[in-house]
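Q: These protein sequences, in sequence, are chains P and F.
Under the working numbering, think of the first position of the first sequence as 1, with each following residue one higher.
Under the working numbering, think of the first position of the second sequence as 1, with each following residue one higher.
Hints are computed from structural coordinates only; laboratory data are not their basis.
Quick caveat: nothing in here was measured; it's all calculated off a predicted structure.
One should not assume that every hint holds.
Given that identical chains are not distinguished, each listed pair holds provided it fits within a single copy or across any two copies.
To be verified - In silico DSS-like cross-links for lysine-lysine, where the CA-CA straight-line distance does not exceed 27 Å: (1) 21 to 140; (2) 3 to 166; (3) 21 to 84; (4) 21 to 189; (5) 216 to 200; (6) 298 to 216; (7) 200 to 288; (8) 298 to 206; (9) 21 to 113; (10) 276 to 216; (11) 166 to 143; (12) 298 to 79; (13) 166 to 76; (14) 24 to 216; (15) 284 to 200; (16) 276 to 193.
Protein chains: 2
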Amino acid sequence: MGKLLIVGTVAFDAIETPFGKTDKILGGAATFIGLAASQFDVDSAIISVVGDDFPQDYIDLLTDRKIDISALEIVKGGKTFFWKGLYHNDLNTRDTLATELNVLADFKPVVPKSYNDADVVMLGNLHPFVQLSVINQLKKRPKLIILDTMNFWMDNALDELMEVIKRVDVLTINDEEARQLTGEYSLVKAAQKIFTMGPKYVVIKKGEHGALLFHKDQIFFAPALPLEEVFDPTGAGDTFAGGFAGYLAASEDSSFENMKKAVIHGSNLASFSVEKFGTERMLKLNHKEIKERLHQFKRLTQFDIELQ
Amino acid sequence: MGKLLIVGTVAFDAIETPFGKTDKILGGAATFIGLAASQFDVDSAIISVVGDDFPQDYIDLLTDRKIDISALEIVKGGKTFFWKGLYHNDLNTRDTLATELNVLADFKPVVPKSYNDADVVMLGNLHPFVQLSVINQLKKRPKLIILDTMNFWMDNALDELMEVIKRVDVLTINDEEARQLTGEYSLVKAAQKIFTMGPKYVVIKKGEHGALLFHKDQIFFAPALPLEEVFDPTGAGDTFAGGFAGYLAASEDSSFENMKKAVIHGSNLASFSVEKFGTERMLKLNHKEIKERLHQFKRLTQFDIELQ
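Chain P with its partners taken away, still in its complex shape:
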């Protein structure tokens, strides 16, 4: 069993989709990552910040899953980061209606002593400055540092982002962001260019079109599970990252062969996440369901052409 250190937002989300809307519910990259990773045999801790408006119930949801929250700072009199989004009819595009940074604006992450020798560090989407600060506090180079980011930081903090990218092993990013970061339309070329920036592995997330894993001249592809209904895509990318990082931390093997399995586990968990609002589905997920859906992934992708 490995140690997984997670950095990212713990937040309130308000979501509107064609199927309904929510008030402020539990959200945030670190939350989704932590919940997904908790499906594996791993010790994990979250570094994040909330205000004292953050309900004890939500904190309990994390500790119930044995997630170490000693580095979840609770700012007295502060307000928790809030995001409000409206998804369009195809669920592939959304408008951000509100982003209130609140306590996140002045966040100084502190790596807990018991995790400064983490095996895997998952840097969830957040200001690159915070991600860099976490890397700098580690006493030992982790076996694997995984970075998730988004176009917002390319637009607003590119120098700091490039500094983080230089120091990680794996970059997970969506297709449009990979194109923006590299200026290459072909995802194969984009991945090759990202290799020159630092990472040895690149995961390009294509939402409903699956995910590509690149390493040197090797490529692996995992589809998204075709679903009858996608209810709410919020957190799907973070859930993918959490399943990916959680599986790698638990298996303590970062070979390309094992990383392929990690991509499948990430895709598998993400396929549940989108079935309900926010974290709802992830909180009720059991091992039997997960296993049955892994079977579905096998049936969906495995074929038997004899080749010599």
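Position chain F against the provided structure of chain P, taking the given hints into account.
A: Relative to the frame of chain P, chain F by itself:
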């Protein structure tokens, strides 16, 4: 070895992509289907029509590959069907600059006697009326009738198209067209709705995002091979259909398991087709290259998660 009967256009294409442009070159659905199918151990014939402006060299390209062209009508004084298209920078969208039906306008297909007991019939994209006429001329119900069509016929000949759909075993169609035909956004629901129209198998082509095969409650997915460069997408869908139909005709096995392999073979051949203008790459393709790329497909998609 089975008999494959192909119906579709044999045409001149003029193509402009961000990488270059061509004058009138060999094109047409039946051409791409026939060239792809000729990679398998199959007897095939094309039913189509051209004008006497169609060069003997192009006809030789087909007969060199043992494609029976006794039902390729050559209209004296007639002009061959011509399509001119301009691809945009992302190669995913294109403008049709010219469509000259010419001899296609009055085409009355005649099934050659030696093929009215074909094992597999591949109805390439064409007026549903022509496709229907071919079905009606068959003396024996083929083991498999495969239909490829496009949104143009949904807009302009929906009743006739529905009549053809009712009578085929497999419908191949792209994602947007599946949504248009069924009014369902979810491709899983769209496929289920298409089952009620007649076909027992549905293949939804998603271009660079791969292809989905549906049968009852079973789903199989084949990605498109991630390529450094896509040069010209013209004919990729037809090449996919030709590989799919050719493999099924050669193997004489239309089980779901075998159809999965057919989808992989179709995707494999399509990955070559897009590397050069028109049919150029398909005409120079050898078995060693095909096999090597099938290995790539395996490496791209196969993983080893132990499940009980």
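Q: Are the CA atoms of residue 298 and residue 206 at most 27 Å apart within a copy, between copies, both, or neither?
A: both (19 Å within a copy, 20 Å between copies)
Q: At 27 Å max between alpha carbons, let me know whether residue 21 reaches residue 84 within a copy, between copies, both or neither.
A: within (10 Å within a copy, 47 Å between copies)
Q: Please work out whether the CA atoms of residue 284 and residue 200 approach to 27 Å or closer within one copy, between two copies, in both situations, or in neither?
A: neither (35 Å within a copy, 36 Å between copies)
Q: Under a CA distance limit of 27 Å, which applies to residue 200 and residue 288: within one copy, between copies, both, or neither?
A: Neither, since 34 Å and 31 Å both go past 27 Å.
Q: Which holds for residue 166 with residue 143 at a C-alpha limit of 27 Å: within a copy, between copies, both or neither?
A: within (15 Å within a copy, 57 Å between copies)
Q: Could you place residue 298 and residue 216 in one of the four classes (within, between, both, neither) given a Cα distance threshold of 27 Å?
A: both (25 Å within a copy, 17 Å between copies)
Q: When no copy is specified for residue 276 and residue 216, does a C-alpha distance of 27 Å or less occur within a copy, between copies, both, or neither?
A: between (37 Å within a copy, 26 Å between copies)
Q: At most 27 Å between CA atoms: does that hold for residue 3 and residue 166 within a copy, between copies, both, or neither?
A: Close inside one copy (23 Å), not across copies (57 Å); limit 27 Å.
Q: Within a copy, between copies, both or neither: which one fits residue 21 and residue 140 at a CA-CA cutoff of 27 Å?
A: neither (44 Å within a copy, 56 Å between copies)
Q: Pop the pair residue 166 and residue 76 into one bin, within, between, both or neither, using alpha-carbon distances up to 27 Å.
A: neither (36 Å within a copy, 67 Å between copies)
Q: Indicate which option fits the pair residue 21, residue 113 if close means a Cα-Cα distance not exceeding 27 Å: within, between, both or neither.
A: neither (40 Å within a copy, 63 Å between copies)
Q: First find the shortest C-alpha distance between residue 24 and residue 216 inside one copy, then the shortest across copies, and answer within, between, both or neither for a cut-off of 27 Å.
A: So residue 24 and residue 216 fail the 27 Å test inside a copy (43 Å) and across (40 Å) alike.
Comparing the model with each earlier hint shows violations of hints 1, 7, 9, 12, 13, 14 and 15; every other hint is respected.
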